[in-house]
Structures are given as structure tokens and as C-alpha cells.
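Chains as they are written, first to last, in my numbering: chain A, 1 to 440; chain B, 441 to 949.
The set of hints was computed from the structure by calculation and includes no laboratory data. One or more hints might be untrue.
Said to hold, decoys possible - Taking lysine-lysine and the PhoX-like style, the derived pairs with C-alpha atoms no more than 25 angstroms apart in a straight line are:
1) A:K18 to A:K80
2) B:K627 to A:K272
3) A:K75 to B:K563
4) A:K75 to B:K876
5) B:K704 to B:K876
Unchecked claim - A short list of chain B residues far from chain A (calculated; beta carbon distances all over 10 angstroms):
6) A499
7) K756
8) F761
9) T763
10) A888
Please read these numbers as outputs of a predicted model, since none were measured by experiment. Where a beta carbon is used, it is the ideal one built from N, C-alpha and C, also for glycine.
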Amino acid sequence: MEKNVYLDLGYWVQKKAKQLGASQSALGINHSRSVSVDYRDGKVETLKESTQQSMWIEVFAGGRYSSHSTNDLRKDSLEKFLTNAVDLTGFLEKDEYRKLADPELYKGQSKVDLDLNDSGQGDITAEERQDRAKELGAYLEGKDERIISVASGFYDTHSESYQLTSNGFEGQKESTSFTHGVSVSLQGEGDKKPEGWRYYRARHLNDLVGAKQTANEALARTQDRVGAEKIASETMPLLLENSNAAGLFWRLMGPLRASSIQQKNSFLADRKGDKVGSDLLTITDEPSIVRGLGSRYYDGDGLAAKTMPIFTNGVLNNYYTDVYYGNKLGWTPNAGGSSNLIVKPGMRSGAEIEASLDRAILVTNWLGGNANGTTGDFSLGVAGWLIENGKRVKSITEMNISGNYNDLLANLIEVGNDPWIHSSFRTPTMVFDKVSFSGS
Amino acid sequence: MLKMSRRDFVKVTGTGLALATLPGFIRTGFAGVGTGDNPYNFYFQRFGIDEDMIRKVMAEALHYGGDYCDLFFQNELSNSIRLQDNIVNSASTNVTLGVGIRVLNGNQTGYSFTEDISLASMKAAARTAAGIASGSPKAAPKSFNATKLMNYYDTKVSYEDVGVKDKVGMLQAINDDVFKEDPRVVKASVNFSDSEKYILVVNSEGGIASDYQPMLRISVGCTAEEDGRKENNYFDYSARDDINFLTEDKLKRLPREAVARTVKLFEAQTPPAGEFPVVLSAGSAGILLHEAIGHGMEADFNRQGISVYSEKMNKKIAEDFVTIIDNGTNPHIRGSINVDDEGIPSEETVLVEDGVLRTYIHDRISAKHYGVKPTGSGRRESFKHYPMPRMRNTYMRSGPHEFDEMIASVDYGILADQFTNGQVNIGPGDFTFYVKSGSLIENGKITAPIKDVNIIGNGPEVLSKVTMVANDMKMAEGGWTCGKNGQGVPVSQGMPSVLVSSITVGGRG
Numbered sequence: 001m002e003k004n005v006y007l008d009l010g011y012w013v014q015k016k017a018k019q020l021g022a023s024q025s026a027l028g029i030n031h032s033r034s035v036s037v038d039y040r041d042g043k044v045e046t047l048k049e050s051t052q053q054s055m056w057i058e059v060f061a062g063g064r065y066s067s068h069s070t071n072d073l074r075k076d077s078l079e080k081f082l083t084n085a086v087d088l089t090g091f092l093e094k095d096e097y098r099k100l101a102d103p104e105l106y107k108g109q110s111k112v113d114l115d116l117n118d119s120g121q122g123d124i125t126a127e128e129r130q131d132r133a134k135e136l137g138a139y140l141e142g143k144d145e146r147i148i149s150v151a152s153g154f155y156d157t158h159s160e161s162y163q164l165t166s167n168g169f170e171g172q173k174e175s176t177s178f179t180h181g182v183s184v185s186l187q188g189e190g191d192k193k194p195e196g197w198r199y200y201r202a203r204h205l206n207d208l209v210g211a212k213q214t215a216n217e218a219l220a221r222t223q224d225r226v227g228a229e230k231i232a233s234e235t236m237p238l239l240l241e242n243s244n245a246a247g248l249f250w251r252l253m254g255p256l257r258a259s260s261i262q263q264k265n266s267f268l269a270d271r272k273g274d275k276v277g278s279d280l281l282t283i284t285d286e287p288s289i290v291r292g293l294g295s296r297y298y299d300g301d302g303l304a305a306k307t308m309p310i311f312t313n314g315v316l317n318n319y320y321t322d323v324y325y326g327n328k329l330g331w332t333p334n335a336g337g338s339s340n341l342i343v344k345p346g347m348r349s350g351a352e353i354e355a356s357l358d359r360a361i362l363v364t365n366w367l368g369g370n371a372n373g374t375t376g377d378f379s380l381g382v383a384g385w386l387i388e389n390g391k392r393v394k395s396i397t398e399m400n401i402s403g404n405y406n407d408l409l410a411n412l413i414e415v416g417n418d419p420w421i422h423s424s425f426r427t428p429t430m431v432f433d434k435v436s437f438s439g440s
Numbered sequence: 441m442l443k444m445s446r447r448d449f450v451k452v453t454g455t456g457l458a459l460a461t462l463p464g465f466i467r468t469g470f471a472g473v474g475t476g477d478n479p480y481n482f483y484f485q486r487f488g489i490d491e492d493m494i495r496k497v498m499a500e501a502l503h504y505g506g507d508y509c510d511l512f513f514q515n516e517l518s519n520s521i522r523l524q525d526n527i528v529n530s531a532s533t534n535v536t537l538g539v540g541i542r543v544l545n546g547n548q549t550g551y552s553f554t555e556d557i558s559l560a561s562m563k564a565a566a567r568t569a570a571g572i573a574s575g576s577p578k579a580a581p582k583s584f585n586a587t588k589l590m591n592y593y594d595t596k597v598s599y600e601d602v603g604v605k606d607k608v609g610m611l612q613a614i615n616d617d618v619f620k621e622d623p624r625v626v627k628a629s630v631n632f633s634d635s636e637k638y639i640l641v642v643n644s645e646g647g648i649a650s651d652y653q654p655m656l657r658i659s660v661g662c663t664a665e666e667d668g669r670k671e672n673n674y675f676d677y678s679a680r681d682d683i684n685f686l687t688e689d690k691l692k693r694l695p696r697e698a699v700a701r702t703v704k705l706f707e708a709q710t711p712p713a714g715e716f717p718v719v720l721s722a723g724s725a726g727i728l729l730h731e732a733i734g735h736g737m738e739a740d741f742n743r744q745g746i747s748v749y750s751e752k753m754n755k756k757i758a759e760d761f762v763t764i765i766d767n768g769t770n771p772h773i774r775g776s777i778n779v780d781d782e783g784i785p786s787e788e789t790v791l792v793e794d795g796v797l798r799t800y801i802h803d804r805i806s807a808k809h810y811g812v813k814p815t816g817s818g819r820r821e822s823f824k825h826y827p828m829p830r831m832r833n834t835y836m837r838s839g840p841h842e843f844d845e846m847i848a849s850v851d852y853g854i855l856a857d858q859f860t861n862g863q864v865n866i867g868p869g870d871f872t873f874y875v876k877s878g879s880l881i882e883n884g885k886i887t888a889p890i891k892d893v894n895i896i897g898n899g900p901e902v903l904s905k906v907t908m909v910a911n912d913m914k915m916a917e918g919g920w921t922c923g924k925n926g927q928g929v930p931v932s933q934g935m936p937s938v939l940v941s942s943i944t945v946g947g948r949g
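Using the sequences plus the hints, can you model the full thing?
Right, here's the structure in full:
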């Protein structure tokens, strides 16, 4: 279908929902085309190509609410689907907080061209995709005699989405995403086969980090894992690699949501305006980065995306507040969730910081674990390096870090100048003091 | 005013191909396909297809040769309904319909899918998948032979016949009980979801199989407050069953367990850091098996030589009393399947027998590679994905020891009761699982509660340190989902109480 065909369908659905008894509605239609090519050891392993479409609709009727989705967009199917969606809503209990956003909040979208769509994507041929996937792995041929297997892949997606609400919001966006990566398995000590990988993602094909660098980093990260073992439990500084720091911060996103606050499941409740971290903790939600992986003009409620400080010099500034929980709490909605996260950078590079540490553990990989958003307690599996006198002296694995986010954030003692731009969480190298590592 | 019953709702929204039927129908009769008594008529009508269309799509899929192709048709109707802040204020429905087309050329896979089950769309998708091969066209099979299957989840009532009003009342009663249970409770939420999945798999070897896969999950979460401290926890059930699974006893136990698990956390201490003996309580502790050995036994990783278990077949890896099973045939258990997503009947697969590694978990590709019979473990998240070797219900058989004997043998260690998640690195074998709550064991006695601690170990090493296995095997009751290469499938696990003599506990100290 052409773009306008989807919008036309959206308006048809909106009108139909109203005729059937919905006092308000919000809906979205998504269409995407994805291709993935995976190589293993010089041979194609899988080729996958697909086009998909779906529609979701939120129905508000008689003070009641329900949501529905389907991938059958034929009009006769949709008519039945809608009839029953509206009818189902009538079975539920009234909820005075379920309503669409105040249309004032739809205003003020960024005027910047976020450039999220690479128009050249349609010209990429099947052969080029295969060549790209193959090339990634080919760089590692003969590079290390311990190599058991090298897998490499190239993946790209083109997405279009359309969003409408019955009180006047109309949004449409088009974006592309390209990912390539390499994973390596080596014969380690005994039966162990250490594995490592490196993946890069970008909105535009030309922004992907080069294939050779990607492959070499994947191999180096795997070689780092050979001979890794746990060391004795100890409390010491945690040096967090920039590409890995998001693993610690995405767990804060739940406690920062208004839904968690309203449901009394957040250790950050009632602390807006309080100092919850060290002076170095300054994080901003920035939806308008050109070609940013988390960039957007509006969110799922249609709210115009705006720059929002989350922490400034350790002080908690804002919670992510969607329309529903904003209504429940009496707060003005701002955003349903994070876009891009920017951490205020420090002065030194990751390498300089590492060289300055007497004794610390550099964390380069996470392995499972969890956090309790209600209390802030966390316990996470880690692997990386023991640093002594600024040098990597021993590869470690099978260890945990445990503590409470309140202490961790207060113990942030240095931030690097090297944000990892290949993610929507653009975290630099970070150092947290007094972290409890458990091992043997 | 309501114009339609609940039954009409799901049916009409299902596909526009509404058919009056009962799930029981699906398992009756396995006469040859293509006769007047075609047992697959129900599915053919549901998807708007016939044998001739299937043959035409297959001919397209095999246009460039290829060793094998299959078509995986899926229609799934899911519903969920939620109570929060004392009212049943949200419900959602989802309809999924589509077909995935796969072509195999040796170990290579070509895959495509379409949500439009018309001949033209299916042929286009087939031609895309066909691109994995580069030879001469092959013919589609002339006839299809029904695959004889057992039914491990016989049901009497379709979720299409369960009224929303009944669900609303059920959720409200549970919510009332949560608040009655303990005055410290300040918030409660109850979620009920059900789904009915219809699949049809047809392959170029002439095999055809179908399955009706029901699923329910109900979970109760609550937050309690004491002296300004808050704690949150939950309890859930999941099963391949109909609504009758939820007996009065279970509906009463849900709020009781959710509250007990929450308020217990107020007493909990910070667990210690370091290596300690750990006793795992019977039940969902099977997550240890899932991570420590289950994934490592998936034959795709072994075929590629990248699993820590790749060279351990028929070798002794654990004590004699350790036998580990992956089974798709446990009645009504969440991970059970009558047939896998490649059309192969489900079975019980013995991974470790009396401490010796016996069988990998296979899909078609790996079974062919190793020259063995597939184990009915080729599973996929949906028609949008190709199948891979996946676990179903993974558990350890009961052993010769007693729970009390285990506890008495520990001077200082941990008893782990409730688990939320786990992970593994297949190659080195390092794995973790997260203990939401448990207790300390001191001088052979269970003492203070503990909470929120990750446990980390190495698969083969930990299995060799399972020094006691009790006679109390129990399956997990909740809704576990296994993720692999971006695909989630429902699984379950089970465990008798076991003692691991030493493993790293991620506490503080």
C-alpha cells in the first residue's frame, strides 16, 4: 500500500469506531520490510526476507477502555474486529483516568529534520547484502588458530508508521535501521569455548562502523575471554566500559516511570528534586538527535517529544509520565518512555581513566541477574578484567556485583568523554567506587 | 447494550473465517488426507487453503532445487484482561494470522513469510525462500500423509466460550482476597491472559500435521508497606489447559501466595558474597537445568561445535543419581506440544541418564547432520520465524535423598526458593539464575530469609557438584518463556530439591 492508503485506512477505522460507539480512539498502523543475511564460516546460514503490517487501536467508550491489535487489515475483517472491540469494552469497569491527551500536548514537535530514513535502502541488492555479511566474517580467516566458528550477519529494516487520535493528532514516520555484527567462538582451556561479539547499528548505512573494525573488535573481545576465571570476593571500584554501561542504566527506566510511582513500585518515588546521585550524574533525555537510534517527534500517546533533564548534578528532575498515569497522579504528561539518553561527559577518555586506577574491575560483559525496582537492590553477573596499577592483569568471569542503586549512583566518581553513540543510551565510560564483587 | 456474546467476539475477529467447532474435533480421526474425510478440513478452511494451493506454493519453493521445504500456517487469538487499583479497567485482544515458508539446502535455510494467505502472496514468499538454493526445480509431493499424534492437553471448553463478565468477577474476587490477606498490602494487580493457537505444518516429504495449542496464565502482584519500606512480589500459574484449570483451590491460593511472598521480604537479610553450598527447593529451580545444561544440549550449538558440551556425548558428567529430561509430553504443562513446529511428534528426550550425557535436543537440520531421529524439539515463536532446537519441559528425576537430610548437611549456605530469570553463555558454559527469595542455612537449620541475589556458575562444573537429589520432584507452576536468537517460546521446568555443594552467590560483603 502507498503511504496515503494507510492514512486513509486509519481515518476509515477511526470513523468506523466512532459509528460503532467509541467516544474516542487512538490507533496506529505499522508496515515494515526486513531482510537478514547470516553467514557462518564462509557459507550462508540463513536468508530471511519479510514484509509485515499490523494495526493497533485503543477504544474509549462509555468511560471504559480496551486495546486491540491485528495483522489482518482487510476492510471486511477490520469491520468485524472493530464491532467486537467496541462491544468488549462495554464489559469492563469504568475508569475515569482513561482519556486521550490534552491536544495542547501534541504541539511543539521538533522542527529539526531527524533524518531517520536512509532513502538508499531500497537500492541495496540481495548480492550486496550477502557480500556485506560474508565480508565481515572473512576478515577473521586465519587470524587465530583457536577459532572454532565465526558467524556474521547483515540486517536492515525499513519501517513506516502512522498514528491518529480522534482528538486531532496525526503522526507519520519513516525510518531505516542497519545492523551488522560478528560473533566468534574460540577453543579455550579444557572444554570451554569462549565467545565474544561486536554489533553496530545505525539509521543510515554509511554510518555503520567499518566491517574490518567490527570483525577485529569481535575477535579481540573473544580473545579477552580465554582463561577467564573468578577471583576472591572484594569491594573495589567498578570501571564500566562505555559500550556496556547501558546494561546498568536501562534498569532505572522502570523506577523512573509514573506507572511505577503510582503503583508504589519505585525506589525513586517522592524524590523529585532530591539529590539521588553524585554531582557527576547528569543525564538528559534528548529525542531530537539527528539520525539518533532513539530519536522521535512524538511518543505513543502522540505527545510532542521534548528535551527533558532526568538527573542534573545528581538531582532527580523528572519522571517519565504517560497520559494515563499522569491523569492518575495529577501530573502533566511528558513522555511515555525514554528516547535517547545523553550523559554529561567528563574530561578523560576510557583508556586514560583505566590507566589511572590502582585496583578495579573493568566490566565488559553482563550475564543475567536482576534488580528490584521497588527497593533499588540489584545483583548482576559480570565478566571483564581485573585492573592493577592501570593495567589489565587478569581476565575475570563468573562474578557478581551486588548493592543498591542509591549507593551506586552516589558513588559515581568519574565519567569519561567517550559516549557510545551506537545505542539510544549514549553512555560514556564510568567509574563507581566501593562496589561489592562476589567471586570465590 | 451488548450486541454480541463473547463467543462471537473472538470468532468473528479471529480470521473472518469463523467456524463452529470444538477443539476436541481436532484430534479425532487420522484418515488419509485428500479423501472426503480429510481431518485437516478444519484447518484448510480456517486458512482458506487446499491441497492444490499447497502443492503450487511448494513447487515455487523448490523452484531452485533445495532439499526440503515446509509451510507453517498459524492463527492465534489471544486475550488479556487486567485489574489494577481495584477495578478491571483494561482488556486487550490480538489476532495473528500468517504462513511461514522455509526451504532447506543442506544446513542452509531460506525463509520468508506472508500475512496474506492468498496463492499469489504465498508463491511470492516461496520464491524468496527458494533463493537459498541454486539448482533445478523439484516437484511437490503428490499426496500428503497425516502424522499420527497424541493429545497431551485435551480440553473441554474453548476460551471463546468464557465470558468476559466471568473473568471480571474472578479478578475482583482475587483482588478482594489480596487485601484481606494482610493489612500491609497497599497495591494489587491481577492479570489473566489466554490464547488459542492453531497450527498446520505441511512439508515436501508429504508430511502434514496440525495442532490446537491452548494456554492460560494468571498472575497476581502486590506491594506491601511496613514502616516506610515497600516490597513487591507476585505469584502466577500457567498451563496448556482450559479455564477449568483454575479450580477454587488455585484461585484461593493465588492471592495467599502472592501476599506471603511479598511480606516475607520485609524480614529478609542481605545475602552473603562468595562460594557457598546452595539447596534449591523443588519446582521452578529447574531453571538451573535450563541454563546449566539445557541450552548447551541444543544440537544447533553442538553441530557448530560451539557448546561447552560439544565433546561430552556419552561421557559421565554428574553423579549416578542425576537424570535430566526434556519432555514435550507432560499433560497440560506449559512447555508441552503434541507436535513440534516442523511437524514432528513430541516425545520425552533423555539428556542425561544416570549421570551420563545421552541425547541432544534436535530439529530437522541437526538430526540429519548427526544421522539421528529428530526429537520433536524444532520450535519457533511464530510463523514469522524459522524453527530451531528448543527446550520444552526440562526437569531432573527424583533422587535417593531427603530434603531434611540436605539442609542438615549444610553448615552455612543458602536455600533458594523463588526464581525469576536466568541466562547462559553456551560456549564457556557460564550461567546465572536470579533468586527472588530464599533463606540462610546455618548449622543445618533454615534461619533468616534472604532476597534479590544472583547466583552464577559454570554448567558442567555445577552439575558435577550436585551432591544430593531428593525424592520430591515438582514441576514449576508459573509462566516461563525461553528466549533464543530473538525468539520466545513457552517452556516449563521442574526439579526435586537438590544440593549444589558450592556455587558463587552474588551477595554483599
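Right, here's what the structure says about each hint:
1. Between K18 (chain A) and K80 (chain A), the direct Cα distance comes to roughly 14 angstroms. Compliance with the 25 angstroms bound is thereby established for this hinted pair.
2. This hinted pair checks out: K627 (chain B) and K272 (chain A) have alpha carbons roughly 22 angstroms apart, not beyond 25 angstroms.
3. Proximity of K75 (chain A) to K563 (chain B) is assessed by CA-CA distance (about 23 angstroms); at most 25 angstroms being required, the pair is judged to hold.
4. Taken as a hint, the K75 (chain A) and K876 (chain B) pair is broken in the structure, with Cα atoms around 48 angstroms apart against an allowance of 25 angstroms.
5. Proximity of K704 (chain B) to K876 (chain B) is assessed by CA-CA distance (about 11 angstroms); at most 25 angstroms being required, the pair is judged to hold.
6. No Cβ of chain A comes within 10 angstroms of the Cβ of A499 (chain B); the nearest lies about 19 angstroms off, and the non-interface call holds.
7. Every CB of chain A lies more than 10 angstroms from the CB of K756 (chain B), the least distance being 14 angstroms, so the non-interface label holds.
8. Even its closest Cβ contact with chain A, about 23 angstroms, leaves F761 (chain B) beyond 10 angstroms, as expected for a residue assigned away from the interface.
9. Every beta carbon of chain A lies more than 10 angstroms from that of T763 (chain B), the smallest distance being close to 21 angstroms; the non-interface claim holds.
10. Every Cβ of chain A is farther than 10 angstroms from the Cβ of A888 (chain B); the closest lies at roughly 16 angstroms, confirming the non-interface assignment.
When held up to the earlier numbered hints, the structure conflicts with hint 4 and nothing else.
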